[in-house]
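Undergrad: Listed here are the chains, written in short residue letters.
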Amino acid sequence: MKNQSHENKRSPRKRIVNFLVHVLLAVLALIWVMPIVWIVLTSFRAEPGAYTNTFLPKSYTLNNYVKLLTDRNVLNFPRMFKNTLIIAICSCLISTSFVLSVSYSLSRMRFRMRKPYMNMAMILGLFPGFMTMIAQYFILKAMGLTEGSSIRFGLIIVYSACTGLGFQISKGFFDTIPKAVDEAAVIDGATRWQIFTKITMPLSKPIIIYTVMTSFIAPWVDFIFAKVLCRANADQYTVAIGLWNMLQKEYIYQWYTCFAAGAVLISVPIAILFLYLQRFYVEGMSGAVKG
Amino acid sequence: MNEDRISVKNALIKGDFLTKLSAVIMGAGIAGHRQIVKGAVILLLEIAFFGFMISTGAHNLSMMPTLGTEAQGKVWNEAKQIYEYSAGDNSQQILLAGVITCFVIAGFIALWVLQLRHSYKLQKMIEKGEKVPSLGKDVKNLFDSNLHITLMTLPCVGILIFNIVPLVYMITMAFTTYSKEGEHLVLFDWDGLHQFQRVLNMNGNIGRQFWHVLAWTVVWAIFSTFLNYILGMMLAMVINRKDTKWKGFWRFCFVLSIAVPQFVSLMIMNIMLQPSGAVNVLLRNLGLISEPIPFWTNAMVARITIIVINLWVGIPYTMIQVTGILQNIPEDLYEAAKMDGAGPATIFFKITLPYMLFVTMPYLIASFVGNINNFNVIYLLSGGGPTYVGDTAGQTDLLVTWLYKLTIDQQYYNLGAVIGIMTFVILTVITLTTYRNSSSYKNEEAFM
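Chain order of the listed sequences is A and B.
In terms of numbering that gives the first Met the number 0, the first sequence opens at residue 0 and continues consecutively.
In terms of numbering that gives the first Met the number 0, the second sequence opens at residue 0 and continues consecutively.
Honestly, the hints are just simulated from the structure, not real lab data.
So the derived list for chain A, only partly shown, Cβ under 7 angstroms to chain B, looks like this:
| # | residue |
| --- | --- |
| 1 | W31 |
| 2 | Q135 |
| 3 | F137 |
| 4 | V220 |
| 5 | A262 |
Examples of chain A residues lying across from chain B (beta carbon under 7 angstroms, computed):
| # | residue |
| --- | --- |
| 6 | L24 |
| 7 | A49 |
| 8 | V101 |
| 9 | F110 |
| 10 | L123 |
| 11 | F126 |
| 12 | T131 |
| 13 | A134 |
| 14 | W192 |
With a Cα cut of at most 16 angstroms, we get these calculated EDC-like pairs of lysine to aspartate or glutamate:
| # | chain 1 | residue 1 | chain 2 | residue 2 |
| --- | --- | --- | --- | --- |
| 15 | B | K349 | B | E330 |
| 16 | A | K13 | B | D242 |
| 17 | A | K197 | B | D143 |
| 18 | A | K226 | B | D408 |
Owing to the predicted nature of the structure, the values given are computational and were not obtained by experimental measurement.
Cβ atoms here follow ideal geometry from the backbone N, Cα and C, with glycine treated the same way.
Please model the entire structure based on the sequences and the hints provided.
TA: Structure (structure tokens):
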């Protein structure tokens, strides 16, 4: 009997459970998607101001996007975009090479400082990031990187200098490449450098893409380091500070719908990158987690 | 065997004249043992070090005990009708210079040890009649057996300068009077453990706030970590069910919320939950409430709101991370449980949960640490508020957001540093005890 009801999918109880599960999922999905839909609608809203009397906009317009991309007087979004793009490209190049170098060494080489390095990385990760932030600011100031256009270099350094500590996911990936590949190459007389560049790298496209993308995204979504470093230097602002500023008291009425437009513009490429990267992320995690 | 070890002690006792000489003239031993270029470079480094010490280093160190004594002077210049400022000592710069000098000295000592050992090693190679590697061979090795040195030097320098030095610098601040309180922003002095006493003393104003914030931080971390974990896992299981249709679509809906940058979605949430924000408007239009819900102004409501919104942020993360692992649970475990008549709840708590806890322990610890240091969620949602008059910490402030407020807003640098150290101590105790016992740490190389 038991076996039969297990096999018979059309039993009434099963159908009710199934129905309820799908209703639950639909409600949950609605909750998760609603804020995103709301911000997209708001970005096309014609009425200004942060707060309106209706949940959905009454009329729609494209002006918010036009204003965001053309108004260069108050909050110069195009310039912020340019600043962020430059910083993102430079820090992405440095971070990627750092992360891949460190994680390859830790995965494939055996040296005395290997375990100490990994323990050190774990210990440093336990300090709150903001604890170093203020001291980093003082150090950059001593190096003269906190004024005018040199803030850009300061930000690039801040975003990329310590990335050697974030090796876990890519090390997990390198660990899964069979060592036999390396050993065969050694027998053929290849040096470690040749193995790294000619064998391991071509096999590691997913993790390279993952590292490039994550380090490229970082400057677009960090506002706190950028805020501390840029202070009042409005011409050095990045996109994240700009968006943050649009929600401050003095701007929010005029700029709220533009903020929504900016949020959509920034989120769409990042969301596409993320959806594309998702599987690498999951692979990296389950690789690193494997018992 | 032990007596032949290449150590500093052996080098000084059993080394030949050149090796012993390199205790004073660094690089002499290496150059004398046929590695001239390397020896010359080391000698240059030694000269540079002493040049640095004589020109500024010694001065930097001598200022450390007092951190400067001369206050900025202000003299009225009658002729020019202006105040003239004489540059006083800037304790913050003195402290930074002192810390950096200490690191330079430590680096020099490390170099001294390394070159001495290397010289002794070369000496023994020559004694045994082995060929001393030439410079070309050394460079070649940097791309072969010593590749890790080539690859890791720059990242390590970056970490040293922009993580370790700032960290040590910040830690030293905890033992000073560097704070806006009492006008110690330019000139400050050592203060011993005084600030630690203030923070830990439950009767003082700062101490009361500290214990309060700490309690909420722990409650927050436990709730957000475990609720996210359990609920995310349940969501993944519901989607993974054999009879659930459109699996890809459901996953896409949830993943979409992580794809949007976190600071954007959190700022949106903040605006939506304002007294006249979209959620209150919606509820009022539906006739469910007459007064707006005080999402951010009532301490208890704000806390619950934050935990709930963090579920919105965190559940999809857990979902995508556990989906693959869930599918790895051996099917026969479930079959056996069903045969024995176990219900879904029993199966979850007796099979799924223990298995998942075993495999994802490191992830769970990492997310606990991440939640204790979760700056974005608190700062962007409630800003730590509501804050009572006279307090620096709001009712929803975590240790990290309080640390941020104390340093950036209030400029109580010493207190901020103490809070940072306390956070670190708490996290260390929690993680080291759990992490070191987890199977993935012990068996790191098991599957290689």
